[in-house]
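The listed protein sequences derive, respectively, from chains A and B. Under numbering that gives the first Met the number 0, the letters of the first sequence match residues 0 to 459, in that order. Under numbering that gives the first Met the number 0, the letters of the second sequence match residues 0 to 284, in that order.
For the record, the hints were derived by calculation from the structure and aren't laboratory data. Among the hints, a few may not be true.
Derived contacts from chain A toward chain B, CB cut-off under 10 Å, selection only [what the hints assert, rightly or not]: (1) H17; (2) R20; (3) A35; (4) A50; (5) R231.
Note that the Cβ used here is the ideal one computed from N, Cα and C, for glycine as well.
Chain by chain, the residues run as shown.
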Amino acid sequence: MTAVADRIAGLAAALRAHGVRIGTGETVDAARAAEALGLADRELLREGLAATLLHGPGQRALFDAVFDLYFPRGVGGPQDAPRDREALRDRLADALAADDRALMARLAAEAVDGLGGYGSSPGSDGFSAYQTLERLRPQTLLARVRADVRGRGGGGSGSGSGSGSGDGFADRLLDDEIRRRIEEFRRMVGAEARRRVAERRGRDEIARRGVRPTADRVDFLYANRDQLAELRRAVQPLARKLATRLAARRRRAARGTIDLRRTLRSSLSTGGVPMRPVLRRRRPVRPELVLLCDVSGSVSGFSNFTMLLVQALHDQFSKVRVFAFVNRLDEVTGLLGHGRADPDGLGARIRAEATLTGWHGSSDYGMALGEFAERYGGAVGPRTTVFVLGDARTNMSDPNLPAVRELARRARRVYWLNPEPRDRWGTGDSAAPAYAELVEMHECRTARQLSGLIAALLPV
Amino acid sequence: MFTSVDDVSARLAETGYLASPAVATTVFLAARLGKPLLVEGPAGVGKTELAKAVAQVAGARLVRLQCYEGVDESRALYEWNHAKQLLRISAGRDESWDETRTDIFSEEFLLPRPLLTAIRGDEPTVLLIDETDKADVEMEGLLLEVLSDFQVTVPELGTVTATRRPFVVLTSNAGRELSEALRRRCLFLHIGFPEEELERRIVRLKVPGLGEALTESVVRVVGALRAMDLRKAPSVAETVDWARTLLALGAGTLDETVVRDTLGVILKHQDDIQKAAAKLDLDAL
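The whole structure should be built from the sequences, with the hints applied where relevant.
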């Protein structure tokens, strides 16, 4: 069992490196699970280890990728792999039409072996999922697979024989289903390429660097479309969690100090002995919130996510107003309202319906902040907390520090959340240090950091 | 309790619970390692049903603790029967205080609540702690002692240790993040929406009257709806409800009119219905 024990310990270490909290107890449990389940069935082992090592659903995708490296399906490449691209595409089309997962996995292995290899000298060679998919182009098989499935007469399993017109309605869903299968195949190719590279370069190394981190630890600035979509789906649950945390803070804050006057007054009924201290009660004020969001190019992913999150938390505040800017500024609160909250199209809708740019398309903080002070100065009062979201890259124009100073003077608090790493503040055209002198600036690169900051900074 | 993972699936299937490999594996491990099982997942995927099915399979008594906001020790663990204690005191007038005191804090005056009941029992027991996320954080602290050592301390009586460990299932809708300490003590199982094949089997089992072609269409449409990013994705319970509705309506096939008229059975928000209708081109026809 020692080899297996090493593997499990390695797996746990790799997961820890990705921020999953695993103690020794869990590792021991995992080993006991492996003992109870045996090594014969890889999928059972996967489920067993997941049940013992993980504590939440968010880590599962990460776990699966790491598991594939430590308990690979096999070793080396397939023996009888044909190197013919067209033959591979034909077989893949069949597999997709039949929705045969096992065959798809085998084809992924063959494809990576046949099409994904690069380099020749040991040390610099490897396998690339990108290259494999670029050569194989599975997405272009859609029309062919659709015709194939229709030809068989009906649904995925082909069991709906003689249904004819009966499947007419469900057929409309076919395209999406095939797209999901192709997406699954792409995932398999990725996992296979990682496995082959790991054989060359060492498993631990690839597990740490080659596996995508969980979505809440991805840098906003480098997140791709899928990761942003995943983050958007996480908005509601995250908002619920933050709401409970805020409620707890509010409860604690409500325990006030002793109100001497009222304590003495009530002690009269007990002959001047203060039996029951009366606490000073805080007036329940729901704070107001103003968000200023840079929605230009690179920062837009971060801004959109934060806007959605704050909108989801809107019942915690008496008033939330959201402003977006690139080099001009416009109010977008209405675009975020309930019923219209289609999170996917938010960015596009803001760009379409609000006036955000003047003569050029790059962001200008000085101009936008000045416009805010001028047109919406009344939105900020002594009860308002202001969040500015952006990288503070002014494209060499005037940062307009007086406007920020004025903002900081009028608002209760002003926080600046910057999605750039702290060590890049002040490089190039970044005016971050200048702004940071006037208002509190926080580094906010990932969803995890953001939720920590929101829980700590939001007024209660 | 179980000999293998396949044994778990087969025996659960006999009671009408079709388990995915992940569910079967985790149940097997929970029984084998003697650890509590924490089940999370969206509403209506059969978290509570799982506990009931396990109890039925194992021939065990099901003890259920339903959590809600404000559930406390006296509802979850035990309580002294004050009324009866008063009666006892007034009945024994001539006794000395020492006699009375030892008497009124005895088993007879103890009202066991679910946690204590599950631990004291000699017969096999399945303890279901339902909707753990609804309970307060203080309650979690109470559960820690019970779940790690399977013992309960009653100051007047001493510590009660389980003679036979109950099979514990905790369910949660992730309404609140459960504490890390509680998660540590449990095996974690996330029940998501089932694979298409499994869902077809579930529909066939629960609504046997529905035709094969229609079953397949129903499952495909529900699968498509889940991929749509709705406010509340339809769950297995909704799929079964919808299948029952279609059966009651006598629908032979799934077409635009039928889907449009019955969409309310599977989707519970007006925005979702509109969005789904738009995506499925229902109004275009």
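Hint by hint, here is what the structure shows:
no.: 1; hint: H17; verdict: 17 Å, violated
no.: 2; hint: R20; verdict: 7 Å, holds
no.: 3; hint: A35; verdict: 5 Å, holds
no.: 4; hint: A50; verdict: 4 Å, holds
no.: 5; hint: R231; verdict: 8 Å, holds
Comparing the model with each earlier hint shows a violation of hint 1 alone; every other hint is respected.
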